[in-house]
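Sequence order for the protein chains is H and F. Residues in the first sequence are numbered from 3 upward in steps of one, following this note's numbering. Residues in the second sequence are numbered from 9 upward in steps of one, following this note's numbering.
Hints are not guaranteed to be accurate.
Here are a few chain F residues that face chain H, going by a calculated C-beta distance under 8 Å [what the hints assert, rightly or not]:
1. ALA39
2. PRO50
3. ILE64
4. LEU104
5. GLN111
6. PRO115
7. GLY116
Don't read these hints as lab results, they were simulated from the structure. Idealized CB from N, CA, C, for every residue including glycine.
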Amino acid sequence: AQSVAQPEDQVNVAEGNPLTVKCTYSVSGNPYLFWYVQYPNRGLQFLLKYITGDNLVKGSYGFEAEFNKSQTSFHLKKPSALVSDSALYFCAVRDRGGGGADGLTFGKGTHLIIQP
Amino acid sequence: DTEVTQTPKHLVMGMTNKKSLKCEQHMGHRAMYWYKQKAKKPPELMFVYSYEKLSINESVPSRFSPECPNSSLLNLHLHALQPEDSALYLCASSRLGGLVETQYFGPGTRLLVL
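Just chain H, with the same shape it has in the complex (with noise of 0.2 Å):
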């Protein structure tokens, strides 16, 4: 079964600095990968995905995720943090191969904390 680990429940970072939210992901076959941000009260919203292609995926809000096969990692980055940030973040798999509707299995979440 398809399964992603995020290992921090929370990470802190100071407004302004770099920040790193993890995430490790355990597949049979292609990886297909999500990061979704979850703010209070409201649903998901979608940030990036990593299909196939370059490592290096950017997506919304200035946030981007590095693909490492190695790893197996799929960490997401921003280069300078933003109070406004600050919300929970999932990583997330698609649950069987590449065509048709499928569902996504998340990661347990970790709250990013941007402190002024």
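Got chain H sorted already, so can you dock chain F onto it with the hints?
Coordinates of chain F only, in the frame set by chain H:
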């Protein structure tokens, strides 16, 4: 526009009630999904519809009954729920046809079962 709308925002129901959750999108997406998110937990897949047909049911109890009356609408009918069914219910939609399409989520319906 990547908007998925869900109604109601909040719902309180007793264990003997029947209620329905509604999800709507006008992006032309032909795949729609229901997820359940318990407090402080990640979302978990419940159902997937492809071209208005149920394609995945993640062994969800029959007290949850999904319906996709047309390509824009997705309902979740609730009957005889238990207090442990209290959660945020998220709807999502995506295109079909590409290798890996992005799912866009609605804001959710927060359900409390008394």
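Checked hints:
The closest approach between the C-beta of F:ALA39 and any C-beta of chain H is roughly 4 Å, which is under the 8 Å cut-off, so the hint is satisfied. Using the Cβ-Cβ criterion of 8 Å, the hint placing F:PRO50 at the interface with chain H is satisfied: the shortest such distance is roughly 4 Å. Evaluation of the F:ILE64 hint against chain H yields a held restraint, the C-beta minimum of about 6 Å falling below 8 Å. Taking 8 Å as the C-beta contact cut-off toward chain H, the hint placing F:LEU104 at the interface holds, the least distance being around 6 Å.
This hint holds: F:GLN111 has a C-beta 6 Å from the nearest C-beta of chain H, less than the 8 Å allowed. Of the supplied interface hints, the one on F:PRO115 holds, with its beta-carbon coming within about 4 Å of a beta-carbon of chain H, less than 8 Å. Hint status for F:GLY116 relative to chain H: holds, with the closest Cβ pair at about 5 Å, below 8 Å.
Checked against the numbered hints given earlier, the structure satisfies every one of them.
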